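Residue numbers (UniProt numbering), protein chains in the order written: chain G, 1 to 217; chain R, 1 to 462.
Hints are computed from structural coordinates only; laboratory data are not their basis.
Some hints could be false.
What the hints assert, rightly or not - Derived DSSO-like pairs: lysine-lysine, alpha-carbon spacing no greater than 27 Å straight-line: (1) R:LYS186 to G:LYS192; (2) R:LYS215 to G:LYS35; (3) G:LYS193 to R:LYS215; (4) G:LYS193 to G:LYS34; (5) R:LYS30 to R:LYS73; (6) R:LYS186 to R:LYS160; (7) R:LYS134 to G:LYS192; (8) G:LYS170 to G:LYS156; (9) R:LYS365 to G:LYS35; (10) R:LYS300 to R:LYS365; (11) G:LYS193 to R:LYS126; (12) R:LYS186 to G:LYS34; (13) R:LYS215 to G:LYS192; (14) R:LYS30 to G:LYS35; (15) G:LYS156 to G:LYS35; (16) R:LYS223 to R:LYS186; (17) G:LYS59 to G:LYS141; (18) R:LYS186 to G:LYS59; (19) G:LYS192 to R:LYS126; (20) G:LYS171 to G:LYS141.
To be verified - Not close to chain G: a few residues of chain R, all C-beta gaps over 10 Å, as computed: (21) LEU15; (22) GLN32; (23) ARG199; (24) LYS289; (25) ASP409.
Nothing here was measured: the structure is a model prediction, and the numbers come from that model.
Note that the Cβ used here is the ideal one computed from N, Cα and C, for glycine as well.
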Amino acid sequence: MSSGPYNYSYIFKYIIIGDMGVGKSCLLHQFTEKKFMADCPHTIGVEFGTRIIEVSGQKIKLQIWDTAGQERFRAVTRSYYRGAAGALIIYDITRRSTYNHLSSWLTDARNLTNPNTVIFLIGNKSDLDAQRDVTYDEAKKFADENGLKFVEASAKTGENVEEAFLETAKKIYESIQDGSLDLNAAESGVQKKPTANGARTLSSENAEGRNPSSCSC
Amino acid sequence: MACFVQGITAYISGLVTDIHNTKDTAIWYKIQVVVKDVFWHVDRRYSDFEALHRKLVETQGIPRDNVVLPPKKLIGNKDPEFVEQRRAQLDIYLTNVLQLLGRNPPDDLAQFFNLHEYEIMFMLKKLAVDIFEKGDQILCSGTPFILSPYQIFAINERMKMAVPFLDSTDKRNDFTHIVDFCTNLKQLQIVGSNIPLGRSTIIPNQYDVDLSPFKSLEEISFKMANFNKIAAIGVGRETVHRISVQNSHLESTNELLLCDTVYKSFRDAGPSHVWPNLRSLHLSNNVIKSVEDIGKLAPKLRFFDLSFNQLHTVYNLTSLPELEHVSYSGNVLSFIGCDMNVLLGNVTVLNMSQNQIENLNVFSKLYSLTVLNLSCNVINDVDEVAHLSDLPCLEVLILTGNPVASTVDYRVRALAFFNERANDISLDNEKASLSEVDQISILQAIEQARRTTLINQPRLAF
Ligand SMILES: Nc1nc2c(ncn2[C@@H]2O[C@H](COP(=O)(O)OP(=O)(O)OP(=O)(O)O)[C@@H](O)[C@H]2O)c(=O)[nH]1
Ligand SMILES: [Mg+2]
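So here's chain G without its partners, still in its complex pose (with noise of 0.2 Å):
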C-alpha cells in the first residue's frame, strides 16, 4: 500500500519548539491523526510523531520530536535541535506572552540547529479569532524581518496545519535539489531512506532514489 509505514525515499527530522500550552502536541496529533486532542496533558520532555508525506512526487518521511514547553524541561529539550532539518516555532494568537517569547525561541532554534534549518512561525488557535491578541500583519511583519516562513493555523479544525508542515518540507527538499542542503552532512536533518539489504554501496543510489522498497504488504 502507498500509504504504508515503509514507503519512502528520505527521512526528514522536525522539532516543534514554543510556550506551554500553545498546541503543539494538538498541531502534531492533528498532523499525524488527523483528530484533535481537547484534552491534552502537558508535555513531559518529549514525545515523538511519524508520518509519510508526499513532495514534489517524493514520499517523505518525517520524524518529528514534539518539545515541552515548560522550562524545567528545556536543558533535554535543547538536546533535540541539533540535526533538525525543520522547525516549527509555534505561539498562541490569543496570548501575547507566546508571541512575546517568539525571538528567544528563534535565538535558541537558529544557534542550536544548522544553518539550513527551514524554520517556520505558526500562530496556532486561529479558530480563536474573537479573542485574538496577536494581529496577524504584526506576526508577519516579525516573520518577514526574520526570514521565517509564517502562517496561522488551528489545531482544531485543522486549518493550515497539513501546509505548514508540508511547506516546511517542500523547502527543505528544494534545497536539496539546489545542492544547498548537503545530504552527507551529519547535521542535515535529512537520511535516505536505507537500501532494501542494507549494504548497498553508494553507485546504486540513483537508481533506489525512484524506486521505494518494493515491499507487498
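Since chain G is already given, all that's left is putting chain R with the ligands on it; use the hints.
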C-alpha cells in the same frame, strides 16, 4: 543503569590466563569496567591494548605525555614478576585513557570496553543502526520484535537525557530511528531475565520499563518479565488484539487489564479502561489464583489461556459473549461446583488437561463444545464419559493419561456412549478403527437390549 555520562572507570582485576600453564601462550587480562552501580568484565591481551592505542593515536591525537603504553616484550613475558609489573602499567594506561576520553568515548574505546553490550548510549547507537537498516523489513514482515527490559529502559532513559543525538558523523545511529520504529511497531515481545546480562551485573528484570513509546501495538507478549516493573501497558488499549504474559509472575487479570489504575479493582474500571479490540489473552505459567469477570474490560475476547496457574476452580466468563477457546490446563482444578455451561457459555474448545478432575457431570451441557481435552486428570470410571454423550458438536475428546485410559475395553466402551455419533468422534487423536466400530455396535446393541428390558420390567411389575 550504566551510562558513560556518569563516568567510566576500568582496571585489570586479574588474569584469565594461568601463567604456570605452559600451553597458554598469550596472557589475557581480565578488565573490570565500572559505571556507577554496575560493572562488567572483558578479556584483553597486550596486543589488543596495542591495537587500541594505535587507533587512538590515529583518530584521537594521543599520545600525550601521560598516555603511553608499556613497551612490547617478546621473551620471558610470562615471568610472574614481569606480568605483575605489566599489569600495573596497563592499569595506569587505562586510567589515563579514560581520564582523557571517558567523557565522550570514541567508538574504538567503546569497542575495547564492550560498551555496546552494556552501556546504554552505545547500546542504543548499535540498536539505531540495526533499526535504520532493517526496521522497515521487520515492520513489514509481521514477526514480533524482541526487546529486553533493559533495552526499553535504556530507550526511556535516553528520552529524558539532555545529550544531543549526533555525536558522530554517522546519522544511522540517531536515536530518533529507534523511537520512530517503536512508534510504528505492531508486534512487540519483551523477553526478561533474572540472570545477569552477559558478563555484567546488569539484571534485566530489575529495570523499570515504560511502554509509552510504543503507540501502534497490536500484539504484545511478555516472557519471563517482571510484571511489577512494567508501566504504561495501557498505551495499546485501542489497538492491541493479542496479549501474552508468560512466566512473568502475573497475579491477576486486573493487574494486566487495569494496569493504569491505582487500585487495580473493578471499582476503578470505566469506559476508558476497555480493551475494545482484545481477542486473545494468553496468561500461561503465572501465579494467578483467581479470575475476575473481565467482560467489561475485554468484551471481544475469544481466546483465553489460563494454563499453568494456581486456579482451584473455574470462574464465570459468561460476560464474554464471543469467547470460543478456553484453557485451564495445568492448574489445580478438582471439584467444580456447578455446570460448566453456566460458567463458560458457548465455548467450542476447552482444555482442562493436567488437573485433578474426576467427574464429568459438569460438562454435560456445554453444547457448543467441539474439542474437549481432559488428558492427565484422575478420571477412573469409564461411565463418566456418559455425561458427554449428549454434546452434539463434540468431535475431539482426549482422555489419555487418566487411569480410565488403561482399563479393559476403554476405547470401545467410551465411544459406545456416543451412540450413532460414535464413529465421528476422535478419541485420543484417533477415530474408531474398523474392529472397534464392530465392537461398539455390539456393545450398543447389548446396551439397547438392556435398556429395553429395564424399561419393560417396570411395566411388567405393574
Ligand atoms: N481552540 C483551540 N485550542 C487549542 C488549539 N490547539 C491546542 N489547543 C488547546 O490548548 C491546550 C494546550 O495544547 P497542547 O497541544 O497540549 O500544548 P503544548 O504546546 O503541547 O503544551 P506543552 O506540552 O506544555 O508545551 C489544550 O488544552 C488544547 O486543547 C487550537 O488550535 N484551538
Ligand atoms: Mg505538548
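Verification of the supplied hints:
With a CA separation close to 24 Å, the supplied pair R:LYS186 and G:LYS192 stays within the 27 Å bound. Our distance criterion of 27 Å between C-alpha atoms is met by R:LYS215 and G:LYS35, whose separation comes to about 15 Å. The suggested pairing of G:LYS193 with R:LYS215 holds, with an alpha-carbon distance near 22 Å, which does not exceed 27 Å. Among the hinted pairs, G:LYS193 with G:LYS34 is consistent with the structure: their alpha-carbon atoms are about 25 Å apart, no more than 27 Å.
The suggested pairing of R:LYS30 with R:LYS73 holds, with an alpha-carbon distance near 20 Å, which does not exceed 27 Å. With a CA separation close to 24 Å, the supplied pair R:LYS186 and R:LYS160 stays within the 27 Å bound. Our distance criterion of 27 Å between C-alpha atoms is met by R:LYS134 and G:LYS192, whose separation comes to about 14 Å. For the suggested pair G:LYS170 and G:LYS156, the alpha carbons sit about 24 Å apart, so the restraint of at most 27 Å is met.
For a cut-off of 27 Å, the pair hint linking R:LYS365 to G:LYS35 is broken: about 49 Å separates their Cα positions. The straight-line distance between the Cα atoms of R:LYS300 and R:LYS365 is roughly 23 Å, inside the 27 Å bound, and the hint therefore holds. Restraint check for G:LYS193 and R:LYS126: the C-alpha separation of about 18 Å stays at or below 27 Å, so the hint holds. A hinted pair counts as satisfied when its Cα atoms are at most 27 Å apart, and R:LYS186 with G:LYS34 qualifies at roughly 20 Å.
The hinted pair formed by R:LYS215 and G:LYS192 meets the criterion: a straight-line CA distance of about 24 Å does not exceed 27 Å. Pair hint R:LYS30 plus G:LYS35 does not hold up; C-alpha atoms about 57 Å apart against a cutoff of 27 Å. Of the supplied pair hints, the one linking G:LYS156 and G:LYS35 holds, its CA atoms being roughly 8 Å apart against a limit of 27 Å. Distance hint between R:LYS223 and R:LYS186 is fulfilled; the C-alpha atoms sit about 17 Å from each other, no more than 27 Å.
Between G:LYS59 and G:LYS141 the CA atoms are separated by roughly 33 Å; this puts the pair beyond 27 Å, and the hint is violated. The suggested pairing of R:LYS186 with G:LYS59 holds, with an alpha-carbon distance near 22 Å, which does not exceed 27 Å. Between the alpha carbons of G:LYS192 and R:LYS126 the distance comes to roughly 19 Å, so the proposed pair stays at or under 27 Å and holds. Proximity of G:LYS171 to G:LYS141 is assessed by CA-CA distance (about 20 Å); at most 27 Å being required, the pair is judged to hold.
Against chain G, the non-interface label of R:LEU15 holds: every CB pair exceeds 10 Å, the least being about 39 Å. Under the 10 Å C-beta cut-off, the non-interface status given to R:GLN32 relative to chain G holds; the minimum distance is some 31 Å. For R:ARG199, the condition that its CB be more than 10 Å from all CB atoms of chain G holds, with the nearest at approximately 29 Å. Every C-beta of chain G lies more than 10 Å from that of R:LYS289, the closest at about 36 Å, which supports listing it as non-interface.
Against the 10 Å criterion, R:ASP409 stays outside the reach of chain G, whose nearest CB is about 55 Å from its own CB.
Of the numbered hints stated above, those contradicted by the structure are hints 9, 14, 17, listed in ascending order.
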